[in-house]
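*Asks:* Just so you know, the protein sequences line up as chains P and Z, in that order.
Under this note's numbering, the first residue of the first sequence is numbered 1, with each subsequent residue one higher.
Under this note's numbering, the first residue of the second sequence is numbered 1, with each subsequent residue one higher.
Watch out, some of these pointers could steer you wrong.
Subject to a maximum C-alpha distance of 20 angstroms in a straight line, what follows is the list of computed SDA-like cross-link-like pairs (lysine to any residue) [what the hints assert, rightly or not]:
no.: 1; chain 1: P; residue 1: K48; chain 2: Z; residue 2: D213
no.: 2; chain 1: P; residue 1: K88; chain 2: Z; residue 2: A139
no.: 3; chain 1: P; residue 1: K48; chain 2: P; residue 2: H34
no.: 4; chain 1: P; residue 1: K70; chain 2: Z; residue 2: G63
Chain Z stretches covered by chain P per the calculated footprint, using a threshold of three residues with CB under 8 angstroms from any CB of chain P [said to hold, decoys possible]:
no.: 5; segment: 50 to 56
no.: 6; segment: 226 to 236
Since the hints were made in silico from the structure, they are not lab data.
We put the beta carbon where it would ideally sit given N, CA and C, even for glycine.
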Amino acid sequence: MRLALASTPLALAAAPALAADEAPFEVRITIRDHRFVPAEYQVPAGRKLKLVVRNEDKTAEEFESIALRKEKIVKPGAEIVLEVRPLKPGRYKFFGEYHADTAVGYLIAK
Amino acid sequence: MLSTAIIVFRESFEIAIVVAILAAATRGLRGRALWIGAGIAAGLVVAGLLGFFADRLDALLAGKGSDLVQAGFLAATVVMIAWTVWWMKKHGRAAAGEARRLGAAVIEGSKPGYTLAIAVGAASVRDGSELVVFLYGLALSQELTVAGVIAGAAIGVAIGAGLGALMYYGIVKVAPKHLFVVVGLLLAFLGAGMAAQCVSLLISADVVPAWVDPVWDLSETLPETGTVGQLLRAVFGYVSRPAGTQLLAYLAAFAFIAVLALGRPPRRSPTPATA
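In isolation and in its complexed conformation, chain P is listed as follows (with noise of 0.2 angstroms):
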């Protein structure tokens, strides 16, 4: 019992620390037909986000985002990670550079 009550302050102190290193928020995209799925995704403002990026179609797509700094390859079957760091509210475009009129998305950072 008086360890329960000895150890909260220190589970308190502990708290802001815990936020500051909590795991990136994690988005998954498929790239399917030359669009993404799904073409719009919620993300949290003010946290890191791992990006995975996965390629249904048989040919290469280039994700690509001038609002993300973001620009790589996505072989065909295959998956790319990007970080990214903590976004300010608001809605970051990002599209395939090799299907741009179809592959269009957005994070949208609320």
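Starting from the known structure of chain P, arrange chain Z on it as the hints suggest.
*Replies:* Okay, now just chain Z, sitting in the frame of chain P:
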């Protein structure tokens, strides 16, 4: 086939611009076509390797391997461009092609040649890696026949090279009196754009902070992917959403190269700066 041609054109156009400007800058250099050709060839080989081993590179450095390698190539290119400008300045009249008229010896030597090859090669790596992987993937996927891929690629390269040649002749036809200034400024813009791109990769790899991000956002009104945006990007290094550190790198590289180009020539040159 059209979409292949368009994508190949976009990437080869960027390489063509760099080649055109560097070729104009090194007119006095003997055998520079060979150096340039060697540079492009070597650059495409490295680009291919980079493209195919990108995932392994990434795994090596916490997902950032290929970004860091690309940033390294870009930084190297900026240095090479600055060196080319310095060389151009040092050889004054000879570089502007007046050597033949004056009967003076054409500049020989492998040092400027190597530098030119490395500058062209490093620049080719930037766009080449996407190109090589894209074409290979397309050929494998059977969405298009191999002949179709080659045809589309050939068209894209031809148009890109054609525009590059146009640019080269456009630059060179400018009166020799202004050639230095024009080429010097173009190289300054080129170097600045590459420095900005290098910093963007470093920000993405979390090696460098962004400071203010973005300083401005024109991605809706003048996107880098649009026609005008692409031209601005290839020639002037235009960025629609620059971070603070990116802008700083751009300005620093521009100032450094512009001062090299427009300042007083190194001691040994016989011509005054405003020749």
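*Asks:* Decide, hint by hint, whether the structure agrees.
*Replies:* A quick look at each hint next to the structure:
{"no.": "1", "hint": "P/K48 to Z/D213", "verdict": "holds, 16 angstroms"}
{"no.": "2", "hint": "P/K88 to Z/A139", "verdict": "violated, 41 angstroms"}
{"no.": "3", "hint": "P/K48 to P/H34", "verdict": "violated, 27 angstroms"}
{"no.": "4", "hint": "P/K70 to Z/G63", "verdict": "holds, 12 angstroms"}
{"no.": "5", "hint": "50 to 56", "verdict": "holds (count 3)"}
{"no.": "6", "hint": "226 to 236", "verdict": "violated (count 0)"}
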